[in-house]
Structure formats: structure tokens, C-alpha cells
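UniProt numbering puts the first residue of the sequence shown at 1, with every later residue one more than the last.
One thing to keep in mind: the hints can contain errors.
Label pairs and their calculated CB-CB ranges [what the hints assert, rightly or not]: (1) LEU291 / PHE337: 25 to 33 Å; (2) GLU277 / ALA439: 40 to 48 Å; (3) THR208 / ALA439: 38 to 46 Å; (4) PHE51 / ASP220: 33 to 41 Å; (5) THR294 / LYS249: 22 to 30 Å; (6) ARG65 / LEU125: 17 to 25 Å; (7) GLY235 / THR288: 51 to 59 Å; (8) TRP438 / TYR309: 18 to 26 Å; (9) LEU125 / GLY69: 23 to 31 Å; (10) THR208 / GLY71: 22 to 30 Å; (11) THR283 / TRP438: 26 to 34 Å; (12) GLY445 / ARG65: 49 to 57 Å; (13) ASN275 / THR295: 23 to 31 Å.
Hints in this document: simulated from the structure, not taken from any laboratory.
For each residue, glycine too, the CB sits at the ideal point set by N, CA and C.
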Amino acid sequence: MWRESSLLQGWRINACDAAAATPLEAMQERRLCESSEAQKEAAANDNSTVFTRILDGLLDGYDNRLRPGLGENVTEIKTNIFVTSFGPVSDTEMEYTIDVFFRQSWKDERLCFKGPMEMLPLNNLLASNIWTPDTFFLNGKKSIAHNMTTPNKLLRLQDDGTLLYTMRLTISAECPMQLEDFPMDEHACPLKFGSYAYPVSEVVYTWTTGAAKSVVVAEDGSRLNQYHLIGQTAGQYTVMMVHFFVKRKIGYFVIQTYMPCFMTVILSQVSFWLNRESVPARTVFGVTTVLTMTTLSISARNSLPKVAYATAMDWFIAVCYAFVFSALIEFATVNYFTKRSWAWDGKKALEAQHPKKRDPMVLSKKPNNICSAGVNYTPNHTKDVSISTISNTTSVQLRASEIKMVDPKKTYNSVSKIDKMSRIVFPVLFGTFNLVYWATYLNRGSVTDTST
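Given only the sequences and the hints, what does the whole structure look like? Please build it.
Okay, structure coming up:
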């Protein structure tokens, strides 16, 4: 230490000698430099001594247990908030995290002073020796005051007794959510704070520069993956309240839920274009799409709290599930009527191939229980071979034409009327539902409009 001071003094002497041209001038300059340095050191010592005396005098007899103006007037606490980061927002816990510089300003006439400076930059250790507001956050679940590397607190004292007290806080606060419009929902997340022990008749909180300008969010302060921070408002009630308005980003849910549901419904309607005889293929389409919709509906609920009402996504999934299940029921109906038509055509074909033969013999029952057969007797004439051949040929042709008319193969590879209707009705209904759904939820009023 002595070596450093001697080197510094030698540097000062050399600097003074360098400015002089003659030894006499050098000696005079050296004396002037030494005197100026001594004056500066004395002035610095005098300022520190003055401020030390001021602080000692202010704290002498000061009772930090009593608020300023006790028994005379209400203590006014002016506040403002600078948000350095906002987020994340938890849907399952219904809370959000915010990192802020929380500033409080009030006037304590007991700390008025007169000195060479209008404002004293003080160490945060002095905050424990004076009265400070007992501010707490009503809806805060957890609050952290940063202490690395030293407590992140700032204290300034003006000569009129006005104090500025700033601290850095990380707050986890409640954010009540109504998820009926999920995932096209918007929320107003409040931050409420006030005095813990003092009533309104003793301590009042106000905004430093008005409600509109006292809450500022940094441009790069958003830490939200699923939301947009669309604004904030401040109000003064029995407690101070700030609302941060957030709007959910829908892109993630479009990719993870809406598009798979949409494609599953389209896939289920492909079965209408398959032959009604393709039972295995249409069965696979129906069962697979139903199971897929079941899986999607379960996974979509995992990222949400267990609420007792249906959200907008729940309605979309339910309608998609209804379309997929209806496609499976439609196939079952078509298959049922196809089997009935096959059975009816096959019965006709069998009747045509095996007509009932009439026996020319007539049985009659006589009273004595003896059956006799009456046979028509015809004279024994020589048969005409040509006539019999023509008659046999004609009968064979008639039977072949009857069988051809009721050929059961005419029902194969034919299109069912139900399938024809379903090819038009299902896509039209699903498209109409999508138009109504998206037009309804995307054009809902903003939460900022309802709050103002």
C-alpha cells in the first residue's frame, strides 16, 4: 500500500515536472499540483464526513416501527412496475410467472436533510433501519426476492424526505381461466398487491405516472410458448391491481389435434367409395378411424386441467367422432341390405331352376280307406318324333330365359343407394360444421374489450 501511494505521488510529481520548462517553474508547478490534490482529498473527506453526519443525524432518534405521518395524514405509496419477463403460463395449475422491478416511492418528513447533494444514493442495508411499506401480493402463490450476488435492492433519498425503494422480484400468481373457448381462448391474468397490516385509512397505494403508464413490459420480455401478451391495464381499488391479457397461440393445437381429426374424418368417408361387397376393407376403415378418434380425444385432454365443462376442442372432437362412428354405422346398414338382396335373388334363381312338377295322377280317397289312382287312358298311337323334339327344345329355352332373368349376379359390384347419398351428405355436413365452428370461435370478442 505504501509502495502504491509512493508510486502514485511520484507519477504526480513527474507529471507536474513535465509541464515546467525551468527548475524554478517546475518547483512552482509541483507545489500547485500538490496543493490541488490535497484540496480534492480534503473535499472528498469533507463530503463523506458530511453525509455520514447527515445519516447519523437522521437515524438518531428515528423509530422505524412508526409509519410516516402517524396520526396526522395518510401515507401515500406511489408504485410502478417494469416487467422484464412474462411467462410461462401454466394451464393445469392456472398460474403464471412474472419477473419485475417493483418500485415504491413515499415521503418521510423525518428524513429531510440539507447538504451539498439533493439525492443520496444509499446502500440497501439502510432499508432495515427505516420504515418501509409492508407490501404483499394477494394472489401470489410464491414470490422470490433476488439476492445474487447481493440483494437486488435500490434505495434513494431526496432532501425533501422522498424515498425511492426498488427491488427485483419473481412472482408466481394465480390466473383464473375459463376454458370454454379453448384453444381460441383469451385470459386476463391479475396481479394484486397492497398493504398487509395497514388499512386504507392509514396507507394508500397510487400509481406514479397514472394507471396507463405505470406498468411497462419490456419489448423482449415475453417468455410465452402458447400465448401472445396482447396488453395490460392497471386499476386502483381497495388494492392495486394489474391485468395482463394473454391470447393463446392456436398453431400447436392445429397441428397436434385439429388436422389429425380432420384427416381421420376424411379417411372414414373413403369407405363410401368402396364396393359394398368389400366387407374386410370397409370394416378396417371403420374400426381404425373410430380407435384413432378415441386416442386423439384422450391425448387432447392431457394438457388441460380437469374442468367440468366442455371446451371448444372437446366439441370439435365429439362431432368428428360422431361422423366417424356414423360412417361405421352406414357400412353396417349397407351390408345388412346387401345380404338381404342376395338372399332374395338367390331364392328366385332356385325356384326358376327347380320348378314344381305336377303329377298327372290324381289320388282319391274312398270311404273304405282304399286309395285308387285314376289314370287317363289314351289310345296307343304312334308318337311323332319331330313334334316331341320341338316341344322339348321350346321348354328348355323358356327355362333358360327364366333363369337368366333372375340371375343373382346382377347384384354384384353394384353401388348401394345409401352409399350414393352418403358420398354427398357426409362431406357437405362436415364442411358446414367447420364453417360454423371456425366462424363462431375465431370471431369472439377480445377479453380486452370486455374488461374495458
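To see whether the hints hold, each was checked on the structure:
no. : hint                        : verdict
1   : LEU291 / PHE337: 25 to 33 Å : holds, 26 Å
2   : GLU277 / ALA439: 40 to 48 Å : holds, 41 Å
3   : THR208 / ALA439: 38 to 46 Å : holds, 44 Å
4   : PHE51 / ASP220: 33 to 41 Å  : holds, 38 Å
5   : THR294 / LYS249: 22 to 30 Å : holds, 27 Å
6   : ARG65 / LEU125: 17 to 25 Å  : holds, 18 Å
7   : GLY235 / THR288: 51 to 59 Å : holds, 54 Å
8   : TRP438 / TYR309: 18 to 26 Å : holds, 21 Å
9   : LEU125 / GLY69: 23 to 31 Å  : holds, 25 Å
10  : THR208 / GLY71: 22 to 30 Å  : holds, 26 Å
11  : THR283 / TRP438: 26 to 34 Å : holds, 33 Å
12  : GLY445 / ARG65: 49 to 57 Å  : holds, 51 Å
13  : ASN275 / THR295: 23 to 31 Å : holds, 29 Å
Hint check: no violations occur; every hint is consistent with the structure.
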